[in-house]
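Enquirer: Sequence lines, in order, name chains V and R.
Note that numbering that gives the first Met the number 0 gives residue 251 to position 252 of the first sequence, counting from 1, and the numbers run on in steps of one.
Note that numbering that gives the first Met the number 0 gives residue 9 to position 10 of the second sequence, counting from 1, and the numbers run on in steps of one.
The set of hints was computed from the structure by calculation and includes no laboratory data.
Source: prediction; values computed, not measured.
Yeah, the Cβ is synthetic: ideal placement off N, Cα and C, and Gly gets one too.
Beta-carbon label-pair distances, calculated as ranges:
#: 1; chain 1: R; residue 1: Glu-308; chain 2: V; residue 2: Met-127; range: 38 to 44 Å
#: 2; chain 1: R; residue 1: Ile-436; chain 2: V; residue 2: Asn-90; range: 43 to 49 Å
#: 3; chain 1: R; residue 1: Lys-167; chain 2: V; residue 2: Arg-17; range: 50 to 56 Å
#: 4; chain 1: V; residue 1: Met-127; chain 2: R; residue 2: Gly-403; range: 56 to 62 Å
#: 5; chain 1: R; residue 1: Asp-404; chain 2: V; residue 2: Tyr-298; range: 41 to 47 Å
#: 6; chain 1: V; residue 1: Leu-97; chain 2: R; residue 2: Lys-167; range: 29 to 35 Å
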Amino acid sequence: MPAGVFKETYLADMALLRYPIHWTSLGIGAVLLLAFPLIAGNYGVNTAVSLMIFFIGAIGLNIVTGLAGQISLAHGALMGVGAYTAAYLANNGVNILLAIPVAAITAAIVGAVLALPSFRLKGYYLAMASIAVQEILEYMFKTWIDPDQGITISTSSKNIMGIYLGNGMPLYYTVLGIAVLAVIVAANVGRSGLGRAMKAVRDNDVSAQVVGINVPMTKALAFTIGSLYAGLAGALYVLANPGIGYGAFGLDASIEFLAIVLVGGAGRIVWGSLLGALVIHTGWSLLASAFSADAATKYIVLGGLIAVFVIAEPEGLIGLLRRVKEYFRLWPFRY
Amino acid sequence: MDSKTLLIGIVVAIIVVGIAAFFAMGGHKGKTSTSTPQTSASPPPAQGSTASAAQPQTTSTMSPSKASQKEIKLMIGVLVDESGPTSDVGKDYAKGVVAALKYFNKKGVYTKDGVRVRIEYVKRDYAYNPSKAIEFYKEFRDRYGVVAIIGWGTADTEKLADQVAQDKILYISASYSAKLVTKPYNFFPAPDYSTQACAAVNWVKEQCGKTLALLYDHKVAYSKSPIPAIKAYAGHLGLTIVADVDLPLKATAVDADRAATQLLSKKPDYAWCGNTIHSCALAAAAMAKHGLSTVMVANVWGFDERFPEMAGKEVAGKVAGVSPWKWPEYAKDKPGYKELYEAAQEAGLKPEEVNLRFMQGFINVWLLVKAIERTTSADLVQKKGEALKEALESSCSSDPIKLGDITPPMRFCPGKHLAFTSVYIVMYSEDGKFHFIGPVSPQGFDCVAATQG
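Chain V on its own, in the form it takes in the complex (with noise of 0.2 Å):
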């Protein structure tokens, strides 16, 4: 009788779910997943939904900073863009099941031309042009697209079939299938060609050019499809809520996607992706409201833990429990 886990076809080497407990904790965790709503009540939806929309905006970010190495600093007002896109369809008639998708797409074409100033600079340049734009967009935002300080989300176009879309259960399931999607995608990217062309361009640009990488395509694509979920999670942003303004895609929100990223794993797209939100969103909002905490708090917060993952952890909470995971695998060895 064979010991372990054979795999004995390439489809099953390929096969994105590859070992028992996978599958079984897929199973436990999409029952889980679909039973939450039915006894955590609309706080814990809301609170379920929102970590969900920052979890699909941060794999975008993954993608752009921990897959590709582009430093970006304009997700906030990415998502800004999605949002406010989605807003004017569904104000103007556009199903809302409609107007994510254009809006995702909207956000990826913005992102798509922000990706030029990557082809010329990197690192901390790249994050300073990356401020810029953040800047000209929420000035765009502020000045001609919302110069009300917000708009208000028709309740007719979060409506199908007579199922109110924007609150409650459905809410939430929406948001959770549109959210399997989106990990699903993600997590080829990073297995695809692409994503390996990513992380080579990551490691070392001229290398890859040199071994036939077209470096300023890649770089683009990383940003155009960063972009498309900071879009998604934009428009998802706009389903959950009866209005939106311009101060939720400011450059506190960037910085919020960069902290989500470097705490819960760059490079590592899903998991990295979702313990960030977890801890950084979810946890910071859990801990504002115990602690009655400020916005100014908040900088202060994720500014430490940015800090302090850089210096300390710098493959984020991924890294922390992969090694806390190799400790009990060779237990009582150490090594």
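Keeping the supplied structure of chain V fixed, place chain R upon it in accordance with the hints.
Expert: Same frame as chain V, now just chain R:
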């Protein structure tokens, strides 16, 4: 399934069930409850505080017949700006709200049928970010099941107005936007900004002013709120608007100087400042520095006791503000003001800390207390926010609401929540003192309609 897989599965299940249970405690209870009867009329409870209010309430099933023996807990949300661009006036307002809640809880709030109501609250600083306000609103509603909210800014209150009506939550705001006047669940104990501004324009006309300049933040809903009405009413009275200058709500001295420079060539007789006090004080100082003789009239949040200190003595005789009420310092003998000072004293504040902003927070809570006093315990328990709304609207056809002579008698009618229409013009004169002129009102013009378009 091997044992390792099973173990991991169980651990994951415990974590998820734990998280769900955590939310269920807050979400489920908060969702269904607003008022909680106690089984005994205990001594006055500890005043509402953020910590105590954070405890979710249980569902009320009180029988009205046993109401006299019981106490109802009423959960409310308090939305304030203590760290954002309007915190220059928001901090003292928040103090006033908290002091009033403690004061009225200690003094005792009773429904029409004599049941004591203990108001508990949860306070959130949203830093004048409407998106955060929406987030906190959902927390108030879904986690704490609030029946009423003491709110703050114009943009967020306007954006939430339809939602609070749908959720039947009474919303007493510090925004007096004219757009809120027709919203069914929104109330404030003052004339709307447009009516206030129109009254000021009327006063300008009476002072034989011919030209008027507008200084306000072109990107802030609060600042912009009365502008359409001012323009329409000025045109109606034959006044000329000679400048429409963008002055940031969070202005620096440079911004103020730039704004004042734009007025140099126009030399308007009067200028309207539609921002909060910090911004208006900087603009007044800059105008004085440039030697303009223009008299600035500021919106209610743009002018109070601190103005001379912030703008400098040079502005004496050149600045005024509108105020729907006499400031605390100037009406101490009125019963409402006595209560205000008592509340401040109990909150540990010195008399000099009782200013207009503190009073604004206090009277917003007092309006809520009046609503409770005008309803029955049965209605409060069963209809919650709707009962409070109906209680305030009962003033339309019965006794008006009186806040100890702080305000004129107030009437809120279904479809038009405009408490009264007069304001004082508070002039900071050359003698270095404030003088209350009026009350004045706009004449023959519907400024609310002019704002709503």
